[in-house]
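These protein sequence lines map, in sequence, to chains A, B and C.
Quick note: the first sequence uses the numbering used here, first residue 1, plus one each step.
Quick note: the second sequence uses the numbering used here, first residue 1001, plus one each step.
Quick note: the third sequence uses the numbering used here, first residue 2001, plus one each step.
Don't take each hint at face value.
[Unchecked claim] Incomplete in silico selection of chain C near chain B, CB under 10 Å:
| # | residue |
| --- | --- |
| 1 | Leu-2036 |
| 2 | Asn-2037 |
| 3 | His-2180 |
| 4 | Gly-2193 |
| 5 | Ala-2265 |
[What the hints assert, rightly or not] Okay, the calculated bits of chain B under chain A, using three or more residues with CB under 8 Å as the criterion:
| # | stretch |
| --- | --- |
| 6 | 1335 to 1347 |
| 7 | 1362 to 1372 |
[To be verified] Beyond 10 Å from chain A on every Cβ pair, some chain B residues (computed):
| # | residue |
| --- | --- |
| 8 | Thr-1029 |
| 9 | Gln-1111 |
| 10 | Tyr-1211 |
| 11 | Ala-1354 |
Source of the hints: derived by calculation from the structure; they are not laboratory data.
Even glycine gets a Cβ: it sits at the ideal position worked out from N, Cα and C.
Take a look at the letters that make up each chain.
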Amino acid sequence: MKRLAQHALFWPSVTLALLLVVNAAFNPSFLAISWRDGHLYGNLVDILNRAAPLMIVSLGMTLVIAIRGLDISVGAVVAIAATVAALLVGGGFSAEGANTSEHPLWFALGAALLAALVCGLWNGVLVVHARMQPIVATLILMVAGRGIAQLLTGGQIITVYYPPYFVLGSGFLFGLPVALWIAAGLWLVLQWLATRTALGLFIRAIGGNPDAARVAGVRAADIALCVYTFCGLAAGIAGLIISSNVKSADANSAGQLLELDAILAVTLGGTALTGGRFSLGGTVLGALIIQTLTATIYSLGVPPEVNLVVKAALVFAVMLLQSAEFRALVARVARLRAGET
Amino acid sequence: MTDRDIVLEARGISRAFPGVQALAGVDLTLRAGEVHALMGQNGAGKSTLIKVLTGLCAPDAGSIKLLGAEVAWHTPQQAQRLGISAVHQESHLLPNLSVAENICAGRYPRQPWFKGGGIDWPETRRRARDLLSRLGIDVDVTRLAGGLPAAVQQLAAVARAVAGDARVLILDEPTSSLDAGEVQALFRLIRALRDQGVAILFVTHFLDQVYEVCDRMTVLRNGRLVGEYTCGKLDARGLVAAMVGREIVEAHKSAAHAPRTQETPAALSARGLARRGALEPVDVEIRAGEVLGVAGLLGSGRTELARLLFALDPRDQGDIQVDGQPVRLEEPADALRLGLAFCPEDRKQDGIVAELSVRENIVLALQARMGLGKFLARAAQRELADRLVAALGIKTASIETPVGQLSGGNQQKAIIARWLATRPRLLILDEPTRGVDIAAKQELMGEVLKLAADGTAVLFISAEIEEVVRVSDRILVLRDRAKAGELPGDAGEDAVYSLIAGGMAAGDA
Amino acid sequence: MKHPLLPLAITVALFVAMAAFGAVRYPGFLSLQVFLNLLIDNAFLCVVAVGMTFVILSGGIDLSVGAVIALTTMISAALLQAGWNPWAVMATVLAVGAAFGALQGLLIQRFGLAPFIVTLAGMFLARGCCYLISTESMPITDTTYTAIAQARIPVGFDSSLTVGALVALLTVLAGMRLAHATGFGRTVYAVGGGEGAARLMGLPVAATRVGVYLLSGFTAALAGIVMTFYMLSGYSLHAVGLELDAIAAVVIGGTLLAGGVGYVAGTLFGVLILGIIQTLIAFDGTLSSWWTRIVVGVLLLLFCLLQRLFEGRARRTE
Chain A
1 MKRLAQHALF
11 WPSVTLALLL
21 VVNAAFNPSF
31 LAISWRDGHL
41 YGNLVDILNR
51 AAPLMIVSLG
61 MTLVIAIRGL
71 DISVGAVVAI
81 AATVAALLVG
91 GGFSAEGANT
101 SEHPLWFALG
111 AALLAALVCG
121 LWNGVLVVHA
131 RMQPIVATLI
141 LMVAGRGIAQ
151 LLTGGQIITV
161 YYPPYFVLGS
171 GFLFGLPVAL
181 WIAAGLWLVL
191 QWLATRTALG
201 LFIRAIGGNP
211 DAARVAGVRA
221 ADIALCVYTF
231 CGLAAGIAGL
241 IISSNVKSAD
251 ANSAGQLLEL
261 DAILAVTLGG
271 TALTGGRFSL
281 GGTVLGALII
291 QTLTATIYSL
301 GVPPEVNLVV
311 KAALVFAVML
321 LQSAEFRALV
331 ARVARLRAGE
341 T
Chain B
1001 MTDRDIVLEA
1011 RGISRAFPGV
1021 QALAGVDLTL
1031 RAGEVHALMG
1041 QNGAGKSTLI
1051 KVLTGLCAPD
1061 AGSIKLLGAE
1071 VAWHTPQQAQ
1081 RLGISAVHQE
1091 SHLLPNLSVA
1101 ENICAGRYPR
1111 QPWFKGGGID
1121 WPETRRRARD
1131 LLSRLGIDVD
1141 VTRLAGGLPA
1151 AVQQLAAVAR
1161 AVAGDARVLI
1171 LDEPTSSLDA
1181 GEVQALFRLI
1191 RALRDQGVAI
1201 LFVTHFLDQV
1211 YEVCDRMTVL
1221 RNGRLVGEYT
1231 CGKLDARGLV
1241 AAMVGREIVE
1251 AHKSAAHAPR
1261 TQETPAALSA
1271 RGLARRGALE
1281 PVDVEIRAGE
1291 VLGVAGLLGS
1301 GRTELARLLF
1311 ALDPRDQGDI
1321 QVDGQPVRLE
1331 EPADALRLGL
1341 AFCPEDRKQD
1351 GIVAELSVRE
1361 NIVLALQARM
1371 GLGKFLARAA
1381 QRELADRLVA
1391 ALGIKTASIE
1401 TPVGQLSGGN
1411 QQKAIIARWL
1421 ATRPRLLILD
1431 EPTRGVDIAA
1441 KQELMGEVLK
1451 LAADGTAVLF
1461 ISAEIEEVVR
1471 VSDRILVLRD
1481 RAKAGELPGD
1491 AGEDAVYSLI
1501 AGGMAAGDA
Chain C
2001 MKHPLLPLAI
2011 TVALFVAMAA
2021 FGAVRYPGFL
2031 SLQVFLNLLI
2041 DNAFLCVVAV
2051 GMTFVILSGG
2061 IDLSVGAVIA
2071 LTTMISAALL
2081 QAGWNPWAVM
2091 ATVLAVGAAF
2101 GALQGLLIQR
2111 FGLAPFIVTL
2121 AGMFLARGCC
2131 YLISTESMPI
2141 TDTTYTAIAQ
2151 ARIPVGFDSS
2161 LTVGALVALL
2171 TVLAGMRLAH
2181 ATGFGRTVYA
2191 VGGGEGAARL
2201 MGLPVAATRV
2211 GVYLLSGFTA
2221 ALAGIVMTFY
2231 MLSGYSLHAV
2241 GLELDAIAAV
2251 VIGGTLLAGG
2261 VGYVAGTLFG
2271 VLILGIIQTL
2281 IAFDGTLSSW
2291 WTRIVVGVLL
2301 LLFCLLQRLF
2311 EGRARRTE
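Extracted from the complex, chain A is given alone in its bound form (with noise of 0.2 Å):
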């Protein structure tokens, strides 16, 4: 029980799954899973698609937050990727119907994540080689991230009208969402690099001890960028799903405060802010808490209001979990009481 208790998605595992008995209890049909339209239909797999776009730029924040870092830009680059894809697609409402697109679809699919790769790298530049720190260099993309995205959109909502666009948002394969697809792909491919190759131990290593790593002869930098470069990634595929999900772009509201809801999910699966230990399967947990929390609110009719605070109550808990110097505290709270009987 102990051993247990110790794994790194002991807790993560615990909150979700009481959520979900919270919910269970409140609403016993909150569970159930049927078969419709030729998918899986039901409150679980919602929040699973729901929970796709977060979880895919969560796993993109846990590497970068392993070796010590922060990526504050992933809002604007999903605007960004959103806007240049829903751009190049466009297909405009014409009289021969609506299935055509300005570009084939893989181009403008691959432009768009050309285009996040690109954010991506700049973040990694700015924090390898103009040596910022990670927050500041990630700030100015924020910032101005938007503002780009809103140049290239003219500050229009862009709406898609081709329907083969809206697979990745909201199409299913073999009866699960294709978002859901994407997400565990990713998961699983990033899973293999972390404990299957040598970026994975390098990775660890720079988390666990940046200075013993470069005395070991790890060029830091060199996976700084890789790290930054493929979080910028991800934050695009979660871009395309995000805006093919709701049909459209908005530079303006795309993905925001989705950094902030990364970050959370990042800590609350575990993953130690301050570098060294970091767990995939933990974030991927974090983001289906997060998503199930916002459904929990609704199902229980409570205000969606209070999401925002049990959402800050959460992350002072799991913070102060982490600390150690609270820790110490309530050992020697607990110390004292115990000499106390």
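Given chain A, work out where chains B and C should sit, using these hints.
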């Protein structure tokens, strides 16, 4: 001197950190109007003792009496209020503030209330200027401290400590960045303060300075008190022996390992290797299969030499050749590619990645050399780790145990294993036996000799002269960040001590 | 390190250059009221940026200020609707803001938590509390508030200031004095320059670190009051993203994000530069509002790169 002169009396001070007994029952007595040297090698416990005295860390056991009354303090502020001031080695000044402000920070003169009661900057500057002129330091007090030479910063830091009414002044390596003239200015001040009745605890690794300015000294070794001496009664050689100790290590030079001759090509040679404030130009040449020992006291430049060779610190000048070819050596990754290996002095800071397993720590450098593209298969990693764990006798539950859970000696071996995995042509060992128990020490030394016998060039740095003499084919002696001389491996400890103690030992002996 | 006033000089020069550009390019730009409007329209930003300057000088960051401003407008509106005395309302929200900041500071100092995350959670909390009070915009009709909102202080040449702008100017002056002439202010600089060294010097590091967050919470509440004058409403979506503008103003004002170097006066000019960008875009008429974001981003980049140059040799750790 009578007991009435005693200002501060510390008895039986002990303090343990995880895995280290930093201080074990140390006594220290400071008398009014004396300059007292605190001497000891790396890890002797000097820093911890100073931290205890200045309230930065609480002792586990022991008592401190100030003017005969037992006292306890928990913060530097409390210590300062009781008249105990310190100039610490690492923290000089705040680089973003002016010299005047650095000197007066925390005790600014105030404007009268009718002018607003804010900080009186003209008065602040005047006070700082007065103090510095008493010190004989000519510096514009309005300049930012960060823009000043290290020496001037150090003097200003001493000035800051003196500015309060200090009964006890602790100077931790105050002269390590000063030139001869500046040292004299500092000594003038130290003597003046002594004559005013201040007790001064002076920590340094420059032996000649001890004899120049100190009255008495306390020597520590491995966290224990060696003794208290009057300066006139213990010469430099005796002092070095007291600091270094004479522990006998039961390792034998293997008969098969004959010193190599000049014909063997140099695995690595460096000409005029230097870095400002760390090392004067030094030439080093190490041949394959040779153990080159580096001996010198703390601060003599021995660690700095190793860091420059491995490109951990950028060098200001010097050409490095590997196998007779000039090479690009700008960062540790270059050194790794060239077949260099480096076991750093500070295992926790620069060596292990505590969260990673023994296996991962062992393959880290090899994988770094192979790069991102090629991954050492899990099976190959296990085999390598198993082989090295067995070869070096690393005691661990499994190769998947986080290396942070191992004992100090086994962590050290794991780092050596990491480098052996890369089959280096030159292995630099900086204090590989520090904090390691006797048995592990012997095994480590045995490994060093085995490596050399297999043709690896080894640069062996240690504070323990016996060890250096025992394993080395040649010995490079450093003193005051410069080469003091080079000795053959069979020169014996006395010859090394004489070089380390410099001209003084020759005169006293 | 070059002369510490150089970044400030660059900031002021940039502002003058932008003003000159506007004066040459657009008729009617060069009037006192246009410049006073910079202060009037950005009064709350100016107030909160002064508090942010201290946080950043100490080496920290406070992301909660925008949400605290919104919370202040909501509490003010709610209490006024409940019939409280307007002056008591102001005192209450200032106390709430300061307490909110101090609590964050305590968490950061006592438990060694990252300021970024603590204040991020604080931002969630404050915004969430806004929603708990009301999701709708709450109008303020209190006579004292409307009187203050409409008051104009003539400064000659047919120009005038609002009370909010005056509060902003006074906050800047108070901030300058706090930074320059008090032990607290100097310790903020010391902590930003090197926490370890400051501690060894016996300076009250812990109290000061809590203090800067308390101050930041206080100025955020003050900015919230100024915003209530400006908007005459409480709304949970007031001041969204204002923390980023405040950070940008501080950085463009020449304060090092690493801490320890900078001036409150520079922050005033940082705010004015943000304001003049918007004014220039408004005067131009053909440029869209999103150019503001892009220009601010470019300025941030330039100033951060400049800072790297000024820092000279990089600090080894970090």
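Subject >> Hints not upheld, ascending by number >> reply: As far as the earlier hints go, 1, 2, 5, 11 are violated by this structure, in ascending order.
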